[in-house]
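These are the residues of each chain, in order.
Protein chains: 2
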Amino acid sequence: MQIGIYGYGNLARGVEDAIRRNPDMALAAVFTRRDPAALRLHTPGVPVVAAAQVGDWVGKIDVMIVCGGSATDLPVMTPMLAAQFNVVDSYDNHSRIPAHYAAVDQAAAAAGTTALISCGWDPGLFSLARLYGSVALPEGSDYTFWGRGVSQGHSDAIRRIPGVLDARQYTVPVPGAVARVRQGETPALTTRDKHTRECYVVAAEGADREEIRRQIVTMPAYFADYDTTVTFITAEEMQHSHAGLPHGGSVIRSGVTGQNGEHRQVVEYQLRLDSNPEFTGSVLVAFARAVGRLAARGVHGCKTVLDIAPADLSLTPRDELIAHML
Amino acid sequence: MQIGIYGYGNLARGVEDAIRRNPDMALAAVFTRRDPAALRLHTPGVPVVAAAQVGDWVGKIDVMIVCGGSATDLPVMTPMLAAQFNVVDSYDNHSRIPAHYAAVDQAAAAAGTTALISCGWDPGLFSLARLYGSVALPEGSDYTFWGRGVSQGHSDAIRRIPGVLDARQYTVPVPGAVARVRQGETPALTTRDKHTRECYVVAAEGADREEIRRQIVTMPAYFADYDTTVTFITAEEMQHSHAGLPHGGSVIRSGVTGQNGEHRQVVEYQLRLDSNPEFTGSVLVAFARAVGRLAARGVHGCKTVLDIAPADLSLTPRDELIAHML
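Chains as they are written, first to last, in my numbering: chain A, 1 to 326; chain B, 1 to 326.
Just so you know, not all the hints are guaranteed correct.
[Unchecked claim] Label pairs and their in silico Cβ distance ranges:
| hint | chain 1 | residue 1 | chain 2 | residue 2 | range |
| --- | --- | --- | --- | --- | --- |
| 1 | B | Ser241 | A | Phe232 | 54 to 62 Å |
| 2 | B | Asn10 | A | Ala110 | 47 to 55 Å |
| 3 | A | Glu139 | B | Gly9 | 17 to 25 Å |
| 4 | B | Val58 | A | Asp56 | 57 to 65 Å |
| 5 | A | Asp319 | B | Ser241 | 43 to 51 Å |
| 6 | A | Val76 | B | Thr186 | 35 to 43 Å |
[What the hints assert, rightly or not] Sample of chain A residues facing chain B (criterion: CB under 8 Å; computed from the structure):
| hint | residue |
| --- | --- |
| 7 | Asp17 |
| 8 | Ala18 |
| 9 | Pro98 |
| 10 | Leu125 |
| 11 | Ser127 |
| 12 | Leu131 |
| 13 | Ala136 |
| 14 | Gln265 |
| 15 | Val267 |
| 16 | Pro310 |
| 17 | Ile322 |
| 18 | Leu326 |
What the hints contain is simulated information worked out from the structure, not anything from laboratory work. Glycine is no exception: its CB is placed at the ideal position from the N, C-alpha and C atoms.
Please construct the entire structure, taking both the sequences and the accompanying hints into account.
And the structure:
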């Protein structure tokens with residue numbers, strides 16, 4: 001299966017790495033809006049092509065994995081590319097997924113291509129955990145905890161504060177809240193009850209640290225609703241202790257069964273990731289396989305992870321899955 | 001959706017209970033090989049029908065959930081019923097699944113019905129966890145731990161020893177092994193390294209307890225390959241402390257990503273169940289919904305949980321799933 005990568009940041013490098021670990025996949029080309037000559041791929045011999053030339057590759061790429069940001073890139077890129085290619089993206093702005101879905105579905109249906117949006121781990125594998133949990137335990141409550149892990153969006157928000165040279169924000173689940181839910185309690189938890197936010201900040205010399213701290217902890221939407229700690233560190237410490245992009249979290253479904261709801265049943269899906277973009281990239285590649293198969297069967301339009309039969313994700317033939325994995 | 005239950009033991013009562021929690025489902029009838037007049041259902045007003053009369057119900061039942069044992073019941077019942085009804089079963093003899101699949105597929109394909117075998121949590125939700133784990137992390141190792149929970153098969157095996165009045169066997173994962181795998185190690189683990197077996201036994205008065213213990217711990221396949229503890233208790237203690245059927249376990253996929261495999265990624269799917277048969281029954285009902293939908297679309301033959309698109313399991317319309325669960 002010939003895979004194209006559109007965009008070449010952290011996530012794209014994760015996709016590139018994952019393609020190498022899937023023997024039925026090959027990286028056909030990487031498309032970039034930057035100067036193609038400036039990119040150095042991990043995979044030798046693969047062409048780097050200017051984004052404007054992507055139309056020349058119609059017919060040479062089975063599935064295009066679109067690696068852009070959800071804020072401004074993907075809402076434009078994915079429908080545009082779905083008009084020419086089968087596509088997979090990782091659109092993760094939960095509240096705007098229906099609008100993105102509609103735009104991509106329209107483009108794919110008109111072009112007779114197959115698209116899959118909002119893939120990765122949340123949305124993605126966590127969405128699947130929520131769905132399987134809710135159908136297995138219809139009388140129950142869902143809890144999603146994120147972290148401990150780096151939030152790129154929150155880190156960027158801190159970096160925009162005057163006097164901040166660099167920042168890293170960790171989202172941290174509140175251990176007591178997780179423990180209560182794991183034990184089968186179904187507490188009503190506010191935003192503040194579920195997660196704390198740890199910020200590591202490199203400040204410019206002479207910057208007003210108290211003012212930076214105040215601006216962080218009062219920032220609406222990002223920090224105001226959380227217990228937030230701010231720790232000032234040196235640039236060396238940032239480089240040494242906070243260079244990675246770990247993440248993870250848990251989806252917990254806690255429900256009851258029995259004539260009077262007397263039996264407590266808890267389902268938990270948990271990720272502990274050293275590298276968020278590499279794991280996300282690996283999930284995108286697995287779903288690209290399914291998209292290629294749907295396209296080959298003539299199933300067109302926009303899909304999500306909830307529409308994909310699990311066996312379509314695997315390179316292993318179905319009879320072997322039934323014999324050895326079921 | 002009109003559901004039939006064929007057989008009426010612990011699992012069937014779990015199915016009956018779950019039907020009540022799914023508002024699109026109704027229990028049409030229960031079929032039994034026992035005297036129908038002797039059964040008392042949890043659901044008032046539902047007919048109890050002799051198994052021999054099941055043919056009279058063709059056309060009145062959308063999906064039949066077959067609640068029999070895997071050793072001798074299901075290999076006969078599921079193909080027989082698939083010749084007349086859409087069916088779901090919980091066949092769990094892993095090594096014989098391909099043969100069972102072939103028999104059910106032949107019957108369902110010939111009759112134009114839809115069947116789904118080996119549903120529940122293992123095989124079932126754990127199979128799905130193994131599949132999603134393996135495709136997300138193609139370079140990695142799988143570990144399945146069961147328990148702490150009651151194994152009915154092992155309890156029954158102990159009960160067949162002369163001098164044993166009652167027995168309950170708990171399968172217990174070795175905490176150190178689970179901890180190593182959770183931390184991202186990929187140790188080679190023998191059967192003995194992964195689980196221990198705890199047996200609680202009520203012995204007849206005057207029985208030779210040392211001989212019972214010896215027969216248990218040396219029993220091939222069931223206990224000989226494990227560290228097994230045997231505790232003799234009174235019938236009252238058995239009734240008081242071991243009446244439930246708790247179970248659970250974990251599927252852990254531990255893999256690496258990155259150019260040199262330098263990033264460790266761990267995915268864990270975990271169940272903590274107060275009632276194994278009620279949870280299993282609830283999963284069977286969710287998959288019965290999908291079977292009914294496949295049948296309505298004219299998709300026939302034998303399926304497994306690996307073939308079912310997750311959205312087909314849910315009562316929630318697809319656009320709402322995309323808006324709120326993805």
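Structure-based check of each hint:
1. Ser241(B) <-> Phe232(A): 54 to 62 Å: holds, 56 Å
2. Asn10(B) <-> Ala110(A): 47 to 55 Å: Since Asn10(B) and Ala110(A) have Cβ atoms about 53 Å apart, the given range 47 to 55 Å holds.
3. Glu139(A) <-> Gly9(B): 17 to 25 Å: Between Glu139(A) and Gly9(B), where Cβ atoms are some 23 Å apart, the hint holds.
4. Val58(B) <-> Asp56(A): 57 to 65 Å: holds, 59 Å
5. Asp319(A) <-> Ser241(B): 43 to 51 Å: holds, 45 Å
6. Val76(A) <-> Thr186(B): 35 to 43 Å: holds, 42 Å
7. Asp17: holds, 6 Å
8. Ala18: holds, 7 Å
9. Pro98: Pro98(A) check passes; min Cβ-Cβ to chain B is 5 Å, inside 8 Å.
10. Leu125: holds, 6 Å
11. Ser127: Holds, about 5 Å.
12. Leu131: This interface hint holds because 5 Å falls under the 8 Å limit.
13. Ala136: Where the cut-off is 8 Å and the nearest Cβ of chain B is about 5 Å from Ala136(A), the hint holds.
14. Gln265: holds, 5 Å
15. Val267: Because about 6 Å separates Val267(A) from the closest Cβ in chain B, which is inside the 8 Å limit, the hint holds.
16. Pro310: holds, 5 Å
17. Ile322: Hint on Ile322(A): holds, closest Cβ of chain B at ~6 Å, below 8 Å.
18. Leu326: With a closest approach of 5 Å, the Leu326(A) hint holds.
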